[in-house]
Amino acid sequence: MGAAGVYSDVWTIATILVGGVATLAIFSFLIKENPFFRFFEHIYIGIAAGLGVVVTLKNFLWPKIFVPLFGLDLVRFPDSTSAGVYNRGFLLYLAPMLFGLLYYFIYSKKYSWLAKLVIGVSLGASGGLAFQGFFNQMLPQLASSFKPLVVYGSEGWNIGRSFSNSFFVFTLICVMYYFFFSFRRKTATLDKISVAGRWLMMVCFGAYFGSTVMARMALLVERLQFLLGDWRQALLLLVLGA
Amino acid sequence: MKQWDLTHIDRRVIYLLVLLALSIPLALEYALKPARMEAAERAFAVVQDLEAKPGELAFMSLDFGPNSLAENKPQAEVVLEHLLRKRIPVALYSQYYLAEPFLESIPKTVVGRLEKEILGHFWEYGRDWVNLGYRPGGSVMLQNIAKSADLAELFKTDARGNNLRELPIFKGVAGLESVKLLAEFTSLVGGLDSFLQFFQKKGYRPFFIHGCTSITIPQAFIYLDSGQLKGLLEGIAGAAWYSLLLERAYPQRRPDAAQIINTGLGVAHMVVIALVLLGNVGFLIRGRN
Amino acid sequence: MTGLEHATLGVLLLIGLIIGPVLVYIERARRDRNLYVRRLPGVDAIDEAAGRSAEIGKPLVFTSGLTSIGPILYACLGVLFYVARKAARYKLRLLAPQCDPTVMAVIEETVRDAYRSEGRLAFFDPQSIRFLSDEQFAFAAGYMGLVQREQIAAAFLFGSFAAESLLLAEAGQQVGAMQVAATTSPEQVAFFICSCDYTLIGEELFGASAYLSREPVQLGSLYGQDRAKLVFMVLIVIGVLIATWNQSLAPYFWGPGAGLIPDVMYWLHYELWAT
Amino acid sequence: MNYRFRLIRIFTFLGGIYFFLQYVLPAKLGPFTFGKYHEEISNGFILMGAMAVGLGLINLLMVHGSRLVFRRTGWVNSAALLLAMALMIVITAADWLRTQKIAAQAAGLDMLAQFSRRISSDYQSQRTDVLPFWERNRLLLEAGSSQLAVVYESLEAAANLAGRSTDPALKTRLSAGLQETAAHLKETESLLKELELESSTASSMSPNEDLARALGRLQVSWRELLGLQYASSITRKVYDFLYQGLFMSLGAAMFALLGFYIASAAYRAFRLRSAESGLMMAAALVVMLGQIPLGVWIWYGFPELRLWLLQIPSTAASRAIEMGAAIAGLVMAFRMWLSIEPESFR
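So the protein lines, in turn, are chains V, X, C and G.
Just so we're aligned: 51 in numbering that gives the first Met the number 0 is position 52 of the first sequence, and the numbers increase by one with no gaps anywhere.
Just so we're aligned: 212 in numbering that gives the first Met the number 0 is position 213 of the second sequence, and the numbers increase by one with no gaps anywhere.
Just so we're aligned: 26 in numbering that gives the first Met the number 0 is position 27 of the third sequence, and the numbers increase by one with no gaps anywhere.
Just so we're aligned: 88 in numbering that gives the first Met the number 0 is position 89 of the fourth sequence, and the numbers increase by one with no gaps anywhere.
Only chain V is shown next, with the shape it has when bound in the complex:
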């Protein structure tokens, strides 16, 4: 944000100021849990809850359900003709709506089993959906694992790529092998494959950890930039009363 124009407005300054205070409140947790953090923790949960309710209404319930259900997207012209016809099929939305209300029976001692009906339907639905999800996710991954172990390029045998591909396949097999639960490992070799699988996983986790350090530090820098930049200026403005 540029300097002069932005600070002309009281609300903008207030927004920046409270942003810095909120940031410091969260950071204060680093020293220890304290009332300052606790207060903003509760504010955060409250705001998120309020936002969540309206966002559900605004982004889903209203446009996807209520608008077609009440035919609000139909245009009525001054001569009382209209574009499009109301589709009564949308009345069927009332069924999942009423059925979804069964969730609230978990508060009843006697009828809490009714809530299990709607829970069952949602479990069943996610079970049914899993088939498509599984294949759309796994098949491309499977196909892209078919790497040639030996690679010939225009300059002959490409040792580097051959090694990389072989190592890739080796890692894949070892780690998959590690996750067998039900086969007794009868020979020492098989046991070693499993150990190799575990070691290779540790390399993977370490590498992910290392590359995440940069992303997390970068987020922290962004906050510090804000505190040392916009927030400091807004604070000065407040203190000096300019």
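Be a bit skeptical, because a hint or two may be false.
Footprint (simulated), chain G over chain V, 3 or more residues, beta carbon under 8 Å [claimed, not checked]: (1) 12 to 20; (2) 30 to 43; (3) 111 to 123; (4) 133 to 141; (5) 226 to 240.
No lab work stands behind these hints: they were computed from the structure.
Glycine included, C-beta positions come from ideal geometry on N, C-alpha and C.
Chain V is already provided as a structure; the job is to place chains X, C and G on it using the hints.
Leaving out everything else, chains X, C and G in the frame of chain V:
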């Protein structure tokens, strides 16, 4: 008081060290010389060799939100600055709604800095750069861009509501072939994929340079190796090296946020590495006793 | 990649290859109750953590993080059921902070059932199933505060986690709780390993419940699942060998385009995959 | 097995049957086209889940409401939570309603544009089941005039705001928007007067077509202007205060905490205790050295080694983990759908 034990440094001391490592370079605006990044050098060369005739422009897609701001924003700033210095008109656009405010704020900061540095020269909205705003629709939108024979017709207005036909920057601009360069900055791999797939038409593909975050470097390198990307800014380090190259090409330029942030992040990494090493030294000493 | 809207014949075959062994082995497990399962140290730690909690009389926490309703949640429920029974038996407080209302309903039912099965339904406190927020970091903030204020003795972090994993695990670490974590997200495992006492990696999350209960249905499906994985492993080996032959060896020995063997994987790739 | 349990099983099965069949069966099965109502059916399921939103709210109200009522420890914080929640609901809803209203106002113009186009197309296709076009044009003129009066009024309000505003950027944007909208308004007005109202045969319907286009342009610029006006209203500013100042800042701060924690976790956990932890530490150190200048100064090969570690072993290992978990997940999903469960559980 117990003896200094390297295996049990209080966590608050560690937090303090991280805080100091990151904020001292920021507060003092101090920058160390960044490391050479070859992929960023290639990106620099692409922009350096770029020439735009009237009716040609560069496209920048800023597809990042607050979460990757610290890495993607300096990248976007240095590339935009380079383009503006070379007087190549730039159209900024985004596929990610959280990026919307940056489409205005980033060019404004860059232009402000340039005008302060090179007195008497001005960069005007509508002539040197334009904000096309956030455009929903993802890859469908990209396909439409590729198919369009008249981009002004496709986009119609800029984010401020101006008719694109009335802006000098769009004078003579036809379809995709008028776009000489595409620079995309994102932390999302999916965004890059769809640009590679759809931002081209038969027989023509603009030069494509990309700015990624440290996490997505491995995926981005696959496309750099295959030649689909002509240059790559790898996280903040890439932006810092690019910034240094700019300084070499334009000696009166002052160090910017990219190099300062890069210094802070580098020092913070060193702190972490040093702590790990110290912990192990303490661990080994204790083991021996 | 959006993928396929509808399955092809090949996919149906694969579904059969995955589900078939599961059904067969569930039957077998019903007859033979002493099926072998590899030891999972993280799972043994669950008992240890519950025991510790009973010793010092402080609460347990079980969270499924950002898991939404689906197979992963279902796998966690087995462990939750086990933990909740322990809590009911030893009269421990079990806290379950939530971030999804529908998941909350499922969790509440499971905990209630666990208390019922121990004959201690009267001890079940609905307020211990606490909704925090459906916003990732608001949930994390609430969790951190909760763990500190309640000074918990043990934490179980089972399910899908994202960037907040380290926040949750460090909070427990700071109060000295014994922590057992399990997640299928490879990016988050490293953080759990650094901050928790035991971490179950990937599939071990699914194995945990079977290992704990030794129920025939769960053991059988664990066995079947291993066989299905074997199928995928064999597919990978075949695919790699064919790729090596067709892309490198055949062109080298016979010249370009000659000596190729028919590609089973081509079938997998195109017949199975493309519409 | 009692009837309740059986009923739950049946419902669970029914819940999954559509998605399963939709995937397993071919797109066309005889006269059936599977997936024709896919979006609506999916919405139905989402709707069912969305009904549970209240569970979270009820839980929050019970926990914090009781704390507040009985003044238990922390009741001040609970009060703050409930207050923040109520305030956020009110403000977000107000913000939404205002934007909704702007959209509805603009939609009024859009409706007229559609009507005008329809009059033309109905005339050309010689539709007989509607009023004759000159009478429809008369209705269009009537509705149009009253709509344009509304636009006029709002222009005055916008001009007022531009006069009062102290923000120069807003001022220029407002006056630019005003000018443009006023120009489009004039154009629309004059086109409205050219509509054919008398003769029973029109030589051409081009006035109607022109009017539709002008209305479209007016709609765009007016909407922009209304949006601009709203952006400087108090509701919007309070919303920004809550959303940007609190919600986003708190989220960013929580995320930034990870920067501190990752350092202390690395220090604590990366020890040469065993081969496993040693390997993990070595990989992490190499990757970290590969992404900072220091690493390159020590050895030029660190960035490349980092890349290799992430591209080859890490990708392979995480793919193997994901594959295994996905297979286990599919088996679990299948069991879940058919309720193949031990009796002790559920």
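Consistency of the hints with the structure:
1. 12 to 20: holds (count 7)
2. 30 to 43: holds (count 7)
3. 111 to 123: holds (count 9)
4. 133 to 141: With 5 residues in contact (Cβ-Cβ under 8 Å with chain G), the coverage given for the stretch 133 to 141 of chain V holds.
5. 226 to 240: violated (count 0)
Hint check: a violation occurs at hint 5 only; the rest are consistent with the structure.
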